[in-house]
Amino acid sequence: DAGITQSPRHKVTETGTPVTLRCHQTENHRYMYWYRQDPGHGLRLIHYSYGVKDTDKGEVSDGYSVSRSKTEDFLLTLESATSSQTSVYFCAISGSGMETQYFGPGTRLLVL
Amino acid sequence: GESVGLHLPTLSVQEGDNSIINCAYSNSASDYFIWYKQESGKGPQFIIDIRSNMDKRQGQRVTVLLNKTVKHLSLQIAATQPGDSAVYFCAEVGAGNKLTFGGGTRVLVKP
Numbered sequence: 001d002a003g004i005t006q007s008p009r010h011k012v013t014e015t016g017t018p019v020t021l022r023c024h025q026t027e028n029h030r031y032m033y034w035y036r037q038d039p040g041h042g043l044r045l046i047h048y049s050y051g052v053k054d055t056d057k058g059e060v061s062d063g064y065s066v067s068r069s070k071t072e073d074f075l076l077t078l079e080s081a082t083s084s085q086t087s088v089y090f091c092a093i094s095g096s097g098m099e100t101q102y103f104g105p106g107t108r109l110l111v112l
Numbered sequence: 113g114e115s116v117g118l119h120l121p122t123l124s125v126q127e128g129d130n131s132i133i134n135c136a137y138s139n140s141a142s143d144y145f146i147w148y149k150q151e152s153g154k155g156p157q158f159i160i161d162i163r164s165n166m167d168k169r170q171g172q173r174v175t176v177l178l179n180k181t182v183k184h185l186s187l188q189i190a191a192t193q194p195g196d197s198a199v200y201f202c203a204e205v206g207a208g209n210k211l212t213f214g215g216g217t218r219v220l221v222k223p
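Line by line, the protein sequences give chains A and B.
Just so you know, we're using my numbering here: the first sequence kicks off at 1 and counts up by one.
Just so you know, we're using my numbering here: the second sequence kicks off at 113 and counts up by one.
Misleading hints may appear alongside valid ones.
Unchecked claim - Distance windows between CB atoms, simulated: (1) 139(B) x 28(A): 39 to 49 Å; (2) 112(A) x 164(B): 43 to 53 Å; (3) 57(A) x 139(B): 38 to 48 Å; (4) 127(B) x 40(A): 21 to 31 Å; (5) 186(B) x 63(A): 45 to 55 Å; (6) 191(B) x 20(A): 42 to 52 Å.
Simulated from the structure, these hints should not be mistaken for lab results.
Virtual Cβ for every residue (Gly too), placed ideally from N, Cα, C.
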């Protein structure tokens, strides 16, 4: 998985609780991304980062926030989890410019 | 467990035959395309990419063809093996290196 780890790999939480997912890379890549994958919707971009402290929204950013305080870590936070955020979350990385994105192993999140 | 769509188009292919997976993309301004393979319970894995100034690119047992006129991309897998069973996604790369994924095709290899 191209030097990308995600934690936790599985999580069950209750509606209304905060949840933070972590993506860690050892490739020193500039770009990092968070996607969610749901049946019938494929992979959809939540947020991405193009450098430390530089982030932007994707197509499904409502209810999510991100932070990137160092090159190797990109955090995704659900401030108050809802059942509609039950999904599999993937982190991806790429170098600068038009380069291939490499994906992590995913985090399976269940919000009850 | 399976993390991708339950109603994906499915291609059943006999082991040893060639597979062709098709993808239509939406943005005529996209100039970079990627094919990914996703096995059950894993993240998408890069297979091959192609830039819009090319119409064909070959890798190991895989070939990607790009037809910009009709906005169509295909992935050909030669001598399909059981390990090729997976869901295959095409993706087009837009501004800010953002990927837009196609819906995916499930490939089932029959022994």
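Going back to the hint list, which numbers does this structure go against? 1, 3, 5
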